[in-house]
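Asks: Each chain, written out:
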Amino acid sequence: MTNSLTEKKNNLPDKNGHFGMFGGRYVAETLMPALLELEKAYYENIGDSSFRTELNMLLADYTGRPTPLYYAQNLSIQAGGAKIYLKREDLTHTGAHKINNTLGQVLLAKRMGKRKVIAETGAGQHGVATATAAALFGMECKVFMGVEDIERQAPNVHRMKLLGAEVVPVSTGTGTLKDAMNEALRYWVSVVRDTFYVIGSVAGPHPYPVMVRDFQRIIGDEAKSQIMRIEGRLPDMLVACVGGGSNAMGLFYPFLDDAGVAIVGVEAAGEGIETGNHAATLTAGTPGVLHGSKSYLLQDEYGQVKNAFSISAGLDYPGVGPEHSWLKTTGRVRYESVTDAEAVDAFMLLSRKEGIIPALESSHAVARAIKEARNMGKNHIIIVSLSGRGDKDLASVENYLRSKEQK
Amino acid sequence: MNRIDKLFEEKRKTGGKTLVGFLTAGDPNPEKSIDNLKALITGCVDIIELGMPFSDPMADGPVIQQASIRALNSGTNADKVFELAAKIREKSQIPIVLFSYYNPIFTYGKEKFIQKAVESGADGLLVVDLPFEEMGELEPELTKAGLHLIKLIAPTTGTERMIEILKDARGFVYFVSMTGVTGSGGIDITSIKESVRKIKEITTVPVCVGFGVSTPDQAASLRNAADGIIVGSAFVKIIEAAGADEDVSGKITGFAKKLKKALAAG
Chain U
1 MTNSLTEKKN
11 NLPDKNGHFG
21 MFGGRYVAET
31 LMPALLELEK
41 AYYENIGDSS
51 FRTELNMLLA
61 DYTGRPTPLY
71 YAQNLSIQAG
81 GAKIYLKRED
91 LTHTGAHKIN
101 NTLGQVLLAK
111 RMGKRKVIAE
121 TGAGQHGVAT
131 ATAAALFGME
141 CKVFMGVEDI
151 ERQAPNVHRM
161 KLLGAEVVPV
171 STGTGTLKDA
181 MNEALRYWVS
191 VVRDTFYVIG
201 SVAGPHPYPV
211 MVRDFQRIIG
221 DEAKSQIMRI
231 EGRLPDMLVA
241 CVGGGSNAMG
251 LFYPFLDDAG
261 VAIVGVEAAG
271 EGIETGNHAA
281 TLTAGTPGVL
291 HGSKSYLLQD
301 EYGQVKNAFS
311 ISAGLDYPGV
321 GPEHSWLKTT
331 GRVRYESVTD
341 AEAVDAFMLL
351 SRKEGIIPAL
361 ESSHAVARAI
371 KEARNMGKNH
381 IIIVSLSGRG
391 DKDLASVENY
401 LRSKEQK
Chain Z
408 MNRIDKLFEE
418 KRKTGGKTLV
428 GFLTAGDPNP
438 EKSIDNLKAL
448 ITGCVDIIEL
458 GMPFSDPMAD
468 GPVIQQASIR
478 ALNSGTNADK
488 VFELAAKIRE
498 KSQIPIVLFS
508 YYNPIFTYGK
518 EKFIQKAVES
528 GADGLLVVDL
538 PFEEMGELEP
548 ELTKAGLHLI
558 KLIAPTTGTE
568 RMIEILKDAR
578 GFVYFVSMTG
588 VTGSGGIDIT
598 SIKESVRKIK
608 EITTVPVCVG
618 FGVSTPDQAA
628 SLRNAADGII
638 VGSAFVKIIE
648 AAGADEDVSG
658 KITGFAKKLK
668 KALAAG
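The listed protein sequences derive, respectively, from chains U and Z. For what it's worth, the numbering used here labels the leading residue of the first sequence as 1, then goes sequentially. For what it's worth, the numbering used here labels the leading residue of the second sequence as 408, then goes sequentially.
Rather than coming from a laboratory, the hints here were simulated on the basis of the structure. Watch out, some of these pointers could steer you wrong.
Listed below are the simulated DSSO-like cross-link pairs for lysine-lysine, each with C-alpha atoms no more than 27 angstroms apart in a straight line [said to hold, decoys possible]:
id	chain 1	residue 1	chain 2	residue 2
1	U	K378	U	K353
2	U	K407	U	K378
3	Z	K487	U	K40
4	Z	K517	U	K15
5	U	K306	U	K378
6	Z	K607	Z	K551
7	Z	K644	Z	K413
8	Z	K487	Z	K418
9	Z	K519	U	K306
10	U	K306	Z	K658
11	U	K306	Z	K413
12	Z	K551	Z	K418
13	Z	K658	Z	K551
14	Z	K605	Z	K517
15	Z	K418	Z	K668
16	Z	K494	U	K15
17	U	K40	U	K9
18	Z	K600	Z	K551
19	Z	K517	U	K306
20	Z	K418	Z	K600
21	Z	K607	Z	K413
22	Z	K658	Z	K607
23	U	K40	Z	K420
24	Z	K668	Z	K420
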């Protein structure tokens with residue numbers, strides 16, 4: 001395994017967690033000492049070979065890494081252009097890339113002497129992954145989840161409960177990921193002395209964006225050595241979906257210095273950007289401050305945050321990780337968006353052509369990759385992050401198709 | 408001289424304690440809100456803390472969250488908040504501290520925000536999610552405009568960090584009385600006294616205690632511990648309990664007077 005955790009691809013963030021004008025720590029003073037303690041503990045531990053050894057063992061034996069890099073031949077033929085490879089994060093234990101990060105954070109929590117963890121979750125994948133790591137390490141676990149998401153991702157709620165976690169329903173706002181994160185932060189303030197907050201994306205205050213990126217970069221590190229072994233060269237393009245953006249940051253990061261690799265992040269366009277009902281923060285948002293960091297946001301001219309909208313609970317978020325905002329600004333990554341309808345089409349297509357049912361989040365990346373592949377030659381290579389599996393989304397897709405029929 | 412400094416200079420001479428009264432601007436609507444703010448003044452509150460409603464108030468408990476929702480739903484925005492501040496200023500020289508999350512300031516444009524704050528007669532700004540590490544992007548311009556950036560100290564803040572934060576304390580220091588969101592119960596008077604004593608070893612700037620302070624009894628027991636108290640959720644609850652058409656200004660004035668009496672007795 002090539003994952004070194006510490007090998008740097010740029011010098012960002014700076015010491016206060018800034019990626020250019022983005023990032024930072026915009027939280028109440030009560031939380032600041034905890035963030036400083038976490039930052040210190042994080043850098044000490046990733047520099048410690050025993051931490052890395054323990055984590056790598058878990059990633060291999062418990063999670064099933066490395067995940068395969070699979071050449072999706074039928075899908076590629078269907079697209080009619082570039083060869084499409086799928087990085088199979090859906091095959092990890094718990095069924096999504098989220099486990100890479102939660103094992104890292106909960107192991108860190110254990111080493112910091114914390115006995116309790118909390119998390120926010122949208123699609124429930126991060127909640128399940130946190131509950132799983134908490135069960136493994138014998139920790140108490142509370143997961144904050146919006147009531148709307150509890151309904152549309154019911155299987156994951158059952159899984160979390162089975163794993164011994166308490167699922168706290170959040171009914172404020174729209175009852176989705178944004179509100180779950182607000183509530184998790186509010187709760188954390190009251191228990192900050194003995195509780196570790198496991199954030200699931202490359203969002204939140206420093207050091208979370210850098211820490212989550214480092215724990216997720218194993219996706220890109222593996223993909224890079226796998227494609228070199230299979231094809232003997234780097235890919236021409238990477239494609240991943242972006243809600244907060246952790247699977248995308250994980251895949252992209254090890255390739256940032258490889259100028260020949262085009263990088264595409266895919267946001268959720270919901271019912272269409274022009275309808276206003278979408279979650280395409282980088283495509284249609286403006287810089288602002290939410291949940292502890294400065295980044296692009298869906299907001300009005302007075303700085304009131306707008307509600308996001310997507311069929312995919314994991315992308316239904318009006319913010320985005322600060323490093324993505326930075327990569328948009330520098331132009332290193334191109335950000336596109338895919339509608340609910342296109343994502344559901346890709347969901348069906350991948351199921352039928354490859355026998356792989358992708359998560360709705362990942363379906364956004366698949367949809368865009370097909371479009372990109374069409375405009376590329378047959379000797380070109382695209383790697384798509386298949387960030388999670390779609391079992392959790394069967395009800396959402398069924399409801400969507402039914403309501404479409406009725407229209 | 409900044410009105411906050413002037414107030415505390417007078418308090419120092421008379422030995423009186425300061426009551427800071429918080430209301431969310433525009434709660435339940437901009438028209439009623441001005442009556443409620445005037446009711447605070449009639450109740451002899453010493454400083455008005457005027458809350459900018461925000462869609463995602465992550466440091467606030469349910470009471471002030473609901474106040475934000477009521478205010479936003481009735482069309483309150485930064486411009487309306489400045490209008491409210493200006494209306495208070497027309498009638499009174501009471502110090503006004505604007506309370507906000509950073510995003511409404513950043514997105515409105517901080518230069519424009521500061522200019523409007525000055526024009527509306529505000530004296531200070533308290534930004535709950537702008538810790539010491541990020542203050543540099545706001546404080547120099549704010550200070551230049553004659554406004555104080557109010558510093559917060561939490562129960563989790565260690566001594567070394569306190570010294571750094573308080574190096575440039577202005578107006579008053581806001582001591583957060585407990586680890587939690589606004590309006591939570593269960594403050595520990597003994598540990599608050601200890602923390603305030605520690606802060607006072609570091610700075611001569613007056614110290615006010617807030618976040619969980621809600622009753623005249625608590626006010627009385629903090630009388631000898633700090634220079635003042637900040638009460639928010641308890642005032643907002645009066646608005647919450649009433650219908651949107653009900654006039655609660657009398658109740659707000661009455662409650663403020665009770666708190667003042669508790670602070671003065673002894």
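Asks: Return the numbers of the hints above that this structure violates; sort them in rising order.
Replies: 2, 3, 5, 7, 8, 10, 11, 13, 14, 16, 18, 22 and 23
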